[in-house]
Every structure is written in structure tokens, then in C-alpha cells.
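*Asks:* Assemble the whole structure, with the sequences as input and the hints as a guide.
Read in order, the letters of the sequence shown correspond to residues 58 to 438 in our numbering.
In short, the hints are calculated from the structure, not lab data.
Quantities reported herein were computed from a predicted structural model and do not represent experimental measurements.
Watch out, some of these pointers could steer you wrong.
Straight-line Cα separation of at most 27 Å, DSS-like style, residue types lysine-lysine; simulated pairs [to be verified]:
1) Lys130 x Lys93
2) Lys394 x Lys410
3) Lys118 x Lys106
Derived DEER-like restraints, expressed as beta-carbon distance ranges [unchecked claim]:
4) Asp406 x Ala336: 41 to 51 Å
5) Gln416 x Arg223: 23 to 33 Å
6) Ser355 x Lys123: 47 to 57 Å
7) Leu349 x Asp406: 20 to 30 Å
8) Lys130 x Glu76: 15 to 25 Å
9) Gly134 x Thr421: 43 to 53 Å
10) Lys334 x Gln218: 37 to 47 Å
11) Gln218 x Asp96: 43 to 53 Å
Each residue gets a CB set at the ideal place from its N, CA and C atoms; glycine is no exception.
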Amino acid sequence: MKNITLLGGTGSIGEQTVEVIEQLPDYRLFAFAFGKRVDKALELVERLKPEWIIAGDRKAKQEIEKKISFQAKISYGMEALCEVAAHEQTDMVVNALLGSIGLKPTLDAIRARKQIAFANKETLVTAGHIVMEEAKKYGVDLLPVDSEHAAIHQCLRGEKQDQLNRLIITASGGSFRDYSRDELIGVKKEDALKHPNWDMGAKITIDSATMMNKGLEVIEAHWLFQVPYQKIDVLMHKESVIHSMVEFNDLSVMAQLGTPDMRIPIQYALTYPNREKFALSEGLDLLKFQKLHFNELSFERFPCLRMAYEAGKTGGSAPTVLNAANEVAVQLFLDDKITFLDIEQLIEDELQKHQVIEQPDLETILAVDQDTRKRILSVYS
Numbered sequence: 058m059k060n061i062t063l064l065g066g067t068g069s070i071g072e073q074t075v076e077v078i079e080q081l082p083d084y085r086l087f088a089f090a091f092g093k094r095v096d097k098a099l100e101l102v103e104r105l106k107p108e109w110i111i112a113g114d115r116k117a118k119q120e121i122e123k124k125i126s127f128q129a130k131i132s133y134g135m136e137a138l139c140e141v142a143a144h145e146q147t148d149m150v151v152n153a154l155l156g157s158i159g160l161k162p163t164l165d166a167i168r169a170r171k172q173i174a175f176a177n178k179e180t181l182v183t184a185g186h187i188v189m190e191e192a193k194k195y196g197v198d199l200l201p202v203d204s205e206h207a208a209i210h211q212c213l214r215g216e217k218q219d220q221l222n223r224l225i226i227t228a229s230g231g232s233f234r235d236y237s238r239d240e241l242i243g244v245k246k247e248d249a250l251k252h253p254n255w256d257m258g259a260k261i262t263i264d265s266a267t268m269m270n271k272g273l274e275v276i277e278a279h280w281l282f283q284v285p286y287q288k289i290d291v292l293m294h295k296e297s298v299i300h301s302m303v304e305f306n307d308l309s310v311m312a313q314l315g316t317p318d319m320r321i322p323i324q325y326a327l328t329y330p331n332r333e334k335f336a337l338s339e340g341l342d343l344l345k346f347q348k349l350h351f352n353e354l355s356f357e358r359f360p361c362l363r364m365a366y367e368a369g370k371t372g373g374s375a376p377t378v379l380n381a382a383n384e385v386a387v388q389l390f391l392d393d394k395i396t397f398l399d400i401e402q403l404i405e406d407e408l409q410k411h412q413v414i415e416q417p418d419l420e421t422i423l424a425v426d427q428d429t430r431k432r433i434l435s436v437y438s
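*Replies:* Right under this line is the structure:
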């Protein structure tokens with residue numbers, strides 16, 4: 058029996074992870090961590106009855122204690138997150154936390170030599186040099202859950218890293234993929250949240266619309282696969298059938314295809330290196346598509362993608378600022394405090410103000426992250 062600790066359990070990835078675990082007889086949910094969505098957490102834990110539940114704060118802890126129907130240890134806060142990530146009964150940590158809050162638990166899990174299924178791209182964006190150095194030191198593989206990185210991981214299985222020529226990451230284009238820049242003026246939150254292909258949480262859906270999500274994935278791919286930015290390309294692929302591709306030195310290209318169902322890469326990470334039968338949906342029927350389309354993603358049309366490449370190449374503390382500013386800006390948009398186009402302008406302003414710190418340590422990264430957030434919020438509070 059493999060004990061799974063799920064961090065970020067009430068998000069889209071977390072909820073789908075629960076569905077996958079329910080279908081795997083040799084897997085058990087040992088611990089479940091969530092933020093403040095008590096009702097959603099209650100619904101999920103009642104299905105799998107983990108031994109340990111970690112809430113985001115004291116209030117959420119007290120609420121779930123009153124409502125739960127079974128015996129479980131219930132804690133709250135960052136200290137508990139880090140403790141359960143490194144706990145001796147944890148075999149694998151599924152990190153589905155949203156944002157840079159996932160950094161500390163990830164590092165503690167690595168140092169405890171846990172298997173890690175990784176859906177928290179912001180951790181690698183914020184502190185990729187530290188995370189990958191620790192992973193190498195402790196001999197831990199980060200198994201990607203994002204469909205694009207899971208695709209690359211599968212294409213590289215059995216291949217030699219030094220024979221890789223480039224990575225080709227595909228993008229659906231998000232909710233406004235067919236809009237011009239002028240047509241983005243005044244777009245509504247409700248329209249931004251209507252993703253054409255994927256069922257995802259609000260933050261990731263907005264990131265897809267700005268193309269920041271793809272920019273973060275480029276930085277994540279740089280760290281996960283140790284590939285320079287000039288060898289990572291992004292293409293718009295509206296059908297979301299090819300999840301990513303790898304080109305090798307002989308110009309052969311390997312692609313991973315599948316239906317746009319996040320439960321498939323989740324199961325891939327949980328069961329790696331095996332492939333268990335997937336019983337939650339039907340397989341890919343190429344006859345339904347007939348044609349697959351690819352388009353260039355322009356930096357002029359999608360400035361957030363440009364900024365992500367630039368911040369990644371700059372390195373140091375620049376990606377930390379990029380991520381923190383984006384997280385705050387997206388939330389401000391969701392709270393109806395700024396417009397859609399204000400998101401990219403706010404991020405650009407923060408990057409231009411920032412004096413880059415080369416090779417920041419963990420304490421510096423956390424300080425830059427918090428300072429960026431506070432500076433922005435002081436304007437909009």
C-alpha cells in the first residue's frame with residue numbers, strides 16, 4: 058500500500074487526484090491538506106478518510122473538526138504542511154498547492170527523500186536553482202503532473218539527455234486566443250474563466266488567458282529538464298491533443314498525445330514507473346479531430362510570455378518577482394479591482410523596478426516574494 062500525502066486538496070488538481078486514488082487499489086490517501094474551503098475538503102476527506110488533515114488556518118481547522126464523521130488528526134498552518142510532507146508514513150507527496158506557498162513543504166519532502174508528484178510550478182519558478190540542487194543532493198526525482206511536462210518526461214524516457222535538441226511546449230491559447238489586442242480592452246472576468254479545453258481552477262485559467270501559465274511552464278521546463286531557454290519553444294495548438302514534443306539531434310520529433318484530461322498525467326506521476334489501467338474516461342479518438350492545427354505565439358500579442366522568458370533568462374530574483382506580481386495581479390482581477398490588461402502592465406512595472414539579486418538564498422527569495430506582494434497590495438488596498 059502506497060501512502061499519498063496530498064497538499065492543495067481542494068483545488069482542481071487536488072480534487073482530480075482524489076478521483077485517481079479512488080481507482081487505484083494499492084494507493085491510500087494518508088494526509089490531506091487544504092486552505093479555507095471547508096465544505097469541499099469535507100466532501101473529499103469523507104470519501105477517502107485520511108489519517109491526517111491539515112487546514113490553512115485555525116478557523117478552517119475548527120470548522121472541519123465540528124463536521125467530520127471519522128477520527129483523524131487535524132492540524133493547521135505551514136509548520137504542519139512541512140511536517141506531513143516529511144513524515145515517515147508519507148511515501149509520496151502530491152504538491153498541488155497554488156503559488157509559492159508550496160516551496161517550503163517541497164524542500165522538506167526532498168530532504169526526507171520522498172517521491173514527489175509536482176503540480177506546483179510556482180515553486181520551481183520562484184526558487185528553481187535551490188529546489189533542483191536539493192533534489193540532486195538527496196537523489197529525488199520530481200515527477201511532473203502538468204500535462205506538458207508529463208508529456209516531455211514520457212518522450213525522454215530511455216533517451217540520452219545530451220542528444221536532445223529542443224523542447225516544444227504546446228498551448229491551447231486560453232480563453233481569448235482568437236482576440237486581438239484591441240478586443241481585450243474591457244473583457245470580463247466571466248469570459249476569461251471560460252477555458253475552451255481544460256477544466257482548471259480560476260487562477261490557472263486566467264494565467265492561460267494571459268499566457269503567463271505557459272511562461273511559467275517554460276521556466277519550470279528549464280529547471281526540470283535542464284534545458285537552456287533558447288532550446289524551449291512554445292506553439293499554440295488549439296485542440297490540446299499533443300501535449301508537448303521533444304526534438305532530438307537527428308531531427309526526429311517525439312510527441313505525447315492524449316485527451317485533455319488532467320487525471321491521466323496525475324495517474325502517470327502516481328504510478329511511475331508503471332502504467333496502470335486508466336478507467337476514468339475513454340481514450341483518444343483521432344478520427345474525431347481529422348486535423349491538428351499549430352500557430353505561432355507572438356510576444357507582442359502575449360506580453361506575459363515574453364516577460365517569463367526574459368525573467369527566466371535573467372535569473373536570480375527576477376522569476377520570484379514575476380511570479381509574486383502575477384499571483385497578486387490575477388487575484389486583483391478576480392476581485393474586480395483591475396482590468397484584464399492591467400495584469401500584464403502591473404507585472405511589467407514590478408520587473409522594471411526590481412534590482413535583480415543573483416543566486417538568492419531561500420531567505421532572500423521569501424523576502425523578495427513578500428516585498429513584491431506588499432508593495433502591490435499597498436496601492437490597491
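*Asks:* All hints, please: hold or fail.
*Replies:* Now the hints, each set against the structure:
For a cut-off of 27 Å, the pair hint linking lysine 130 to lysine 93 stands: about 17 Å separates their Cα positions. The hinted pair formed by lysine 394 and lysine 410 meets the criterion: a straight-line CA distance of about 22 Å does not exceed 27 Å. Among the hinted pairs, lysine 118 with lysine 106 is consistent with the structure: their alpha-carbon atoms are about 16 Å apart, no more than 27 Å. With their beta carbons about 48 Å apart, aspartate 406 and alanine 336 fall inside the hinted range of 41 to 51 Å.
Distance hint check for glutamine 416 and arginine 223: the Cβ-Cβ separation is about 27 Å, which falls inside the suggested range of 23 to 33 Å. Taken as a hint, the range 47 to 57 Å holds for the pair serine 355 and lysine 123, whose Cβ atoms sit roughly 53 Å apart. For the pair leucine 349 and aspartate 406, the supplied restraint of 20 to 30 Å is violated, since their beta-carbon distance comes to about 38 Å. For the hinted restraint 15 to 25 Å between lysine 130 and glutamate 76, the CB-CB distance of approximately 24 Å keeps it satisfied.
In this structure, glycine 134 and threonine 421 break the distance hint of 43 to 53 Å, their C-beta atoms being roughly 23 Å apart. At about 30 Å, the CB distance of lysine 334 to glutamine 218 disagrees with the hint of 37 to 47 Å. Range check, glutamine 218 to aspartate 96: about 46 Å between beta-carbon atoms, so the 43 to 53 Å window is met.
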